[in-house]
Amino acid sequence: MNRSGFWGDVLKQRMLLLMLTPAVLFFLLFAYVPMAGIVLAFKQFNYGGGIFGSPWNGLDNFRFFFESGNAWMVTKNTALYNIAFIVVNNVLQIAVAILLFEAVGKWFRKITQTVLFLPYFISWVVVGAIAYNLFNYDVGTINSILNAFGIEPIDIYNTPAYWPFILVLVSAWKALGYGSVMYLAAITGIDTEMYEAAEIDGANVFQRIFHITVPNLYPTIIILVLLAIGNIFRGDFGMFYNMVGNNGLLFSSTDVIDTFVFRSLTTSNEIGLSAAAGFYQSVLGFATILLANYAVRKYDKDHALF
Amino acid sequence: MSATVTNYGKTGNTSKGAGKKQIDRLLLSLIGYSVISILAILCIIPFLLIVSSSLSEEGKIIENGFQLIPSMFSLEAYSLLFKYPAQLLKAYGVTIAVTVIGTIGGLFLTAMTSYVLQRKDFKWRNQFSFFFFFTTLFSGGLVPWYLMIIKYLDLKNTLIVLILPMLLNVFYIIVMKSFMSSIPEAITESAKIDGAGDFRIFIQLIMPLSKPALATIGLFIALGYWNDWYNALLFISTENLMPLQYYLYKMLGNMDGMRRAMVSSGAVVTMNIPTESLKMAMTIVATGPILLAYPFIQRYFVQGLTIGAVKG
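Sequence order for the protein chains is A and B. Number 133 in full-length UniProt numbering belongs to position 133 of the first sequence; there are no gaps in the numbering. Number 138 in full-length UniProt numbering belongs to position 138 of the second sequence; there are no gaps in the numbering.
Chain B extracted, bound-state conformation (with noise of 0.2 Å):
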């Protein structure tokens, strides 16, 4: 061994490490695409197979189960859909109210609560800011929350009720609050002086600044709102107001929900629904909009992460 290095001298010592350290990175690259090939492989399959399956001829899944490539195309579960779509566009247009009254309201409460606890000279901010942060470590837990907003708020089958409670989070609150305090604080200081009030202070200059995280937390507010079932799962039993996801989830729990669906959007009756392509047709028309949204939002989620890592 020492006779080989000595003969070789010191290039081939050097050649020697260079391949070595060629192997390892090699190996580490062999593991590194097919690990993560395989990951992304797993978390894109159940996509696959809601879509192959929503296009799967309603016979042969009763005869084969549901497949990744339909052993037999059909559409007749979206033509099904678009033929009856009252029901259906209903629930999108709850959804897409509570979304966007929900974020746009949100956000604004988020970003003017924001604002006043970090300014540094704002008497109250400590008091305020563990009054807001104490319900995070602490709840009534979910009975007494449902019968403030039934019995006392008497909110029950509204479209408030799928806004109002989840306007607000504190985790948003803080991200935002340590955003805002990365804006010079000369800003507020020289507006002071030019007599400017502290909300036209909020409004005109810290708004603008603060685009990134409005960006960011705005998403976070729509998606949370555009994904809710829970509020329409204790609130909601008239079919006007369920939200898209309530309506897939009802769908989705039995055949009779289904038919139900179906009839109250103009079916008839004794008609033969595809209960199971309906199902996962269903899914796809609910989850679209995420879907096709997703690539193009999908950066100020990992922007938001990295604002808000470990602790905003």
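In isolation and in its complexed conformation, chain A is listed as follows (with noise of 0.2 Å):
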């Protein structure tokens, strides 16, 4: 009964270790196995092998998928993808918040800020739908306007130049909801001595604005910003599939690391280079984020992620 040393504590505790034990399991199974299934990235990958019994080729996955330029191509456009949508959504957000907390009345902010959050509460299946509704060429409601004014429609699904623009759009509509309201709740809670003592001292409600509420919002935004850039090198898978699909004209401008690693994995059925892909982001992605924690860690070291 009196054990001590580690066999005691694990007696001692071991309700709580057992209450632990399905958490423990469920991320073995789904996050440290496949982790070791990294190694697949060096195999010429056999189903009947596996992921462990397939023969080793060496960098070969890796070769292929930086000589055929397309390592290179989906890394640009992610990090690209990325870094618009961060600029793009929090300069949004921040300003929606401001608006909101303050230049309208209570109850047109509570109306509008359900409706700006309902974007966020669809699937990405559901906004392919409605980009569909919008830029199918013969029946999207943008070439019905077009049409209308009687302009020639234009073939948006076959033109890559168009998709930044759509895809850094699509990512703010669906964003702008949950943002803003995470920048205001870090509005409301800047000390309104300050805002009392400007006034007093006769600033404008501009001025109020830039020389008040805005810096007090640094700290919330450089965090939020570093841990986006933490997270660069990975793409919103579900954007891209549900907007541009297997849409193979579109590629050059709209694929992403991770659509790519799904269709060598699914289209191609090319497991090795997809796994390589994998690997690379993997790497990629976890240096970044060392990276960008080490950032928030020096600049306060509260927020690091740890």
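By construction, these hints were calculated from the structure, which means they are not laboratory data. For each residue, glycine too, the CB sits at the ideal point set by N, CA and C. Take these hints with a grain of salt, some might be off.
[Claimed, not checked] In silico SDA-like pairs for lysine to any residue, Cα to Cα no more than 20 Å straight-line:
(1) A:K106 x B:P295
(2) B:K90 x B:K211
(3) B:K192 x A:I187
(4) A:K12 x B:F122
(5) B:K151 x A:F27
(6) B:K192 x A:Y47
(7) A:K110 x B:I45
(8) A:K106 x A:T192
(9) A:K110 x B:A186
(10) A:K106 x B:Y33
(11) A:K106 x B:R299
(12) B:K123 x A:G53
(13) A:K298 x A:I187
(14) A:K110 x A:Y120
(15) B:K211 x B:A186
(16) B:K156 x A:Y47
(17) B:K90 x B:E239
(18) A:K110 x A:F27
[Stated by the list, open to error] A few chain A residues that don't get close to chain B, going by computed Cβ distances all over 10 Å:
(19) L20
(20) G69
(21) A84
(22) I166
(23) V168
Assembling the complex is the task here: the two chains are given apart, and the hints tell you how they should meet.
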């Protein structure tokens, strides 16, 4: 009964350990064992051999991935899209949060906040349906409008040049409600005494916004942006896949690492290539997130992830 | 200028200041109301477009394209959907089952895990917290995860594969953990003195006290399951197990997919199917429950964001 040391602790806290077991098993099965499966990137996969029994093929998968030019294209697309999303989304969300807080009445804020939040709740498939409704060549709403004005219809699904703008807009549209609520919470937390002091000093509302509200948001902005930068090599698969799908015509301007990995696995069945691209993304992502966390830690220790 | 000020004296100066303030307030309100109104309209118009397209007569859609106001009103798409509802009902059944089971199971496990991790007397809390957290930093990527599920767990075309991979989420565990650590430790301490076991303390004391966090995180989990199509895309090929969103995805994909779906629901192959309006009607039917429940549950999400803002 009176055992001490490691096994004593285990015995004493066996109930807590037991309660933790399902979650531990879950992450072992769905995260840690697959992590070990990363060796697949260096193998010539065959289904019979599986992850651990397939023969090694050195760096062949990587060579194929890099020499085809795909690696550079999807990395560039992923990073550029994420940078555009970070900038556009944050600026818009902050502006909306400030306007919701400073400029409009209570009932108007409540109603519009509900409306702005709506796109967050629908699946990417439904967003895909909306895109279809707007952009379809034959029946899309945009071409209906152009047609009504006697303008030639535009073939959006076959024109890569439109897509960076469309995807940035869609991302902004879907994230606006979520992000502005988050920034609104941060603004609500600003000390009102500062506002009163500014008012006494004769500052107008705009001066107050730019000299008090915005600087007070810097910590939140910096942390959110740094964390987002940490994820810069992770593409939003749901969005890209439902907006673009397997439309090869658009890949030059829309293919991100995640869609490439998915297609290599399911469509072209190049499992080794897919694993290599996934490995490349994981390592790149891990390095960036460590860097971003280091930056957050330098800036404000309390908000670092670890 | 200075003369005027002297002339009007102190009172004049103040009212002028007040006037200036009025103007900048007014300007800000003007910007605020107009910008927010425009954005709100942009957020709602796509939904209105889908609704009106679903109510348009197919021939008019082919002729003029989708329009915000239908040039000829028709319920044909909906009547067709509800005339052959077999496949749609199956998809609804799958989605509801997955959402209910997944939310209850996921919420319970999230809470239980979080409770242990926030117990200050739990010897290995830091090690285990790191064990969970590390999975958000590094992953093996899609391929090993996919092979784990189809080859080693052999879950292809099962209901389980739609539930299990999404059961736990580290972010929810972190938010729940931070909520639970705001519950006074004295509660656990005094229950322990009364001889209650850890599991009983969790079920009888901690769970009821965590209701606000459970409601919020439960809704996040439920929304995730309701909107999931990804697991079905990867792992489901039988029509009986298609959840709603994936069924919609299939129908949007191509006319063949749409025709197959209607035929397997009992429609006659040679029938003239109003493809475009049907796609839009299907979108409404798949999103309907969310759009209806949304105004009532929205505040829980706002709450959740504020609890979990930046870091849980």
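Results for each hint:
no. : hint            : verdict
1   : A:K106 x B:P295 : 17 Å, holds
2   : B:K90 x B:K211  : 32 Å, violated
3   : B:K192 x A:I187 : 42 Å, violated
4   : A:K12 x B:F122  : 10 Å, holds
5   : B:K151 x A:F27  : 18 Å, holds
6   : B:K192 x A:Y47  : 52 Å, violated
7   : A:K110 x B:I45  : 19 Å, holds
8   : A:K106 x A:T192 : 18 Å, holds
9   : A:K110 x B:A186 : 38 Å, violated
10  : A:K106 x B:Y33  : 12 Å, holds
11  : A:K106 x B:R299 : 15 Å, holds
12  : B:K123 x A:G53  : 38 Å, violated
13  : A:K298 x A:I187 : 23 Å, violated
14  : A:K110 x A:Y120 : 16 Å, holds
15  : B:K211 x B:A186 : 19 Å, holds
16  : B:K156 x A:Y47  : 15 Å, holds
17  : B:K90 x B:E239  : 9 Å, holds
18  : A:K110 x A:F27  : 40 Å, violated
19  : L20             : 5 Å, violated
20  : G69             : 21 Å, holds
21  : A84             : 18 Å, holds
22  : I166            : 13 Å, holds
23  : V168            : 14 Å, holds
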